[in-house]
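Peer 1: Protein sequences, first through last, are from chains W and C.
Just so we're aligned: 0 in numbering that gives the first Met the number 0 is position 1 of the first sequence, and the numbers increase by one with no gaps anywhere.
Just so we're aligned: 76 in numbering that gives the first Met the number 0 is position 77 of the second sequence, and the numbers increase by one with no gaps anywhere.
Incorrect hints may appear among the rest.
Unchecked claim - With a straight-line Cα cutoff of 35 Å, these simulated DSBU-like cross-link-like pairs (lysine-lysine) come out: (1) K107/W - K87/C; (2) K117/W - K87/C; (3) K128/W - K118/W; (4) K82/W - K64/W; (5) K87/C - K28/C; (6) K107/W - K103/C; (7) K28/C - K82/W; (8) K128/W - K103/C; (9) K34/W - K121/W; (10) K87/C - K80/W; (11) K128/W - K84/W; (12) K71/C - K87/C; (13) K106/W - K84/W; (14) K34/W - K107/W; (15) K64/W - K84/W; (16) K121/W - K103/C; (17) K107/W - K71/C; (18) K127/W - K28/C; (19) K127/W - K103/C; (20) K106/W - K127/W.
To be clear, the hints were calculated from the coordinates, so they are not data collected in a lab.
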Amino acid sequence: MSQERVSNDEFLNRLTVLLSSTHSESHGSVYLTQKPLIPTTADSSSSSPSPPSQILVRATNGLSKPHRTAKPKSKSADSGKPKVKLATVVEVADLDAFYARYAEVCKKGMEGLRKRDKKKAKEKAKAKKKGKAATGAAGA
Amino acid sequence: MTYLDDLHSYLHHSSLLIQAYPSTRITTKYSLPRKPNTKARSKPKDATVPTTDTAAAASQSKREPSAVLTLKTYHPDSGICLKYRTDKAAEVGRLLGGLGRLAKGEIIEMPATSPAQIGSTTTAAEGDKMEVDSGMSAPKAEDKVVMAPPAVTQTGGGGGGKGKKKKGKK
């Protein structure tokens with residue numbers, strides 16, 4: 000059951016590759032999961048609310064394992080992309096450093112999101128001025 | 000499954016949930032839009048266009064599809080699920096900063112400048128005005144109306160919202 004865990008550096012490198020490969024396909028998803036790693040031994044009865052010492056971070060492209068895609072048709076539709084699954088454990092002490100780099104990777108990798116729309120911002124500023132003038136007139 | 004309509008309230012509520020249940024997990028899904036279907040596009044689409052009456056909705060749909068980032072905070076035992084959806088690249092940095100703090104188990108308070116509009120049906124109209132004034136977030140007025148029903152978790156955020164809002168207006 001235990002899944003292969005890579006080092007933090009390796010994780011970030013492979014996540015960068017995963018994001019860029021997803022982009023080059025111009026289709027698909029990347030799932031990132033984080034959860035505290037709670038030791039299963041002797042902790043099942045007393046769920047202490049103390050902050051955990053390790054965080055498990057996972058990344059996957061959400062595809063099925065090859066042996067589960069039974070039909071060869073569906074395989075060809077997915078262009079035979081393999082399932083990618085990464086996991087790493089981050090110590091709480093390293094969280095800040097890890098998340099700073101993680102954020103950089105995500106910012107660079109998530110290129111498909113909308114950039115700040117400058118034209119719209121201008122329009123908004125205009126509307127703001129107009130709105131303020133209107134309320135000012137109403138107040139006076 | 001509750002969609003929260005601003006990032007800070009999502010982080011705030013998630014932090015409360017994580018504090019209550021440390022085994023809560025957070026999933027960030029980055030999904031690219033579907034490939035444009037060339038067959039569907041070749042159809043004459045004039046038939047559907049004239050029915051769009053709200054200008055905002057029309058402009059929203061006309062923009063080319065972008066990737067979407069969906070955040071989900073989920074506690075499997077209780078089934079509590081909080082969600083947030085965005086397509087703004089500018090929010091990724093803030094978001095991951097928030098996720099880092101959530102990973103540490105920090106409590107994220109609602110900031111004074113952002114509108115606290117969770118579970119406040121009465122302030123929905125005011126919220127719209129607020130957005131125009133501050134120019135902080137995208138026009139999502141339709142979402143807000145839909146989202147008006149109270150959120151899963153109860154907080155004091157709604158009460159303190161009024162005073163904070165006035166501050167933001169200046």
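Peer 1: None of the hints should be skipped; say for each whether it holds.
Peer 2: Verification of the hints:
1. K107/W - K87/C: 13 Å, holds
2. K117/W - K87/C: Holds, because 13 Å separates the two Cα atoms, which is no more than 35 Å.
3. K128/W - K118/W: Roughly 16 Å separates the two Cα atoms, so the pair holds.
4. K82/W - K64/W: 6 Å, holds
5. K87/C - K28/C: 14 Å, holds
6. K107/W - K103/C: Satisfied, since the Cα-Cα distance of roughly 24 Å is no more than 35 Å.
7. K28/C - K82/W: Holds, because 16 Å separates the two Cα atoms, which is no more than 35 Å.
8. K128/W - K103/C: 42 Å, violated
9. K34/W - K121/W: The given pair, whose Cα atoms are some 40 Å apart, is violated under the 35 Å limit.
10. K87/C - K80/W: Holds, because 28 Å separates the two Cα atoms, which is no more than 35 Å.
11. K128/W - K84/W: 50 Å, violated
12. K71/C - K87/C: 17 Å, holds
13. K106/W - K84/W: 20 Å, holds
14. K34/W - K107/W: 23 Å, holds
15. K64/W - K84/W: Cα-Cα ~10 Å, so holds.
16. K121/W - K103/C: The given pair, whose Cα atoms are some 38 Å apart, is violated under the 35 Å limit.
17. K107/W - K71/C: Roughly 21 Å between the alpha carbons, so the hint for K107/W and K71/C holds.
18. K127/W - K28/C: Holds. K127/W to K28/C sits at ~34 Å (cutoff 35 Å).
19. K127/W - K103/C: 39 Å, violated
20. K106/W - K127/W: Within the cut-off at roughly 30 Å; holds.
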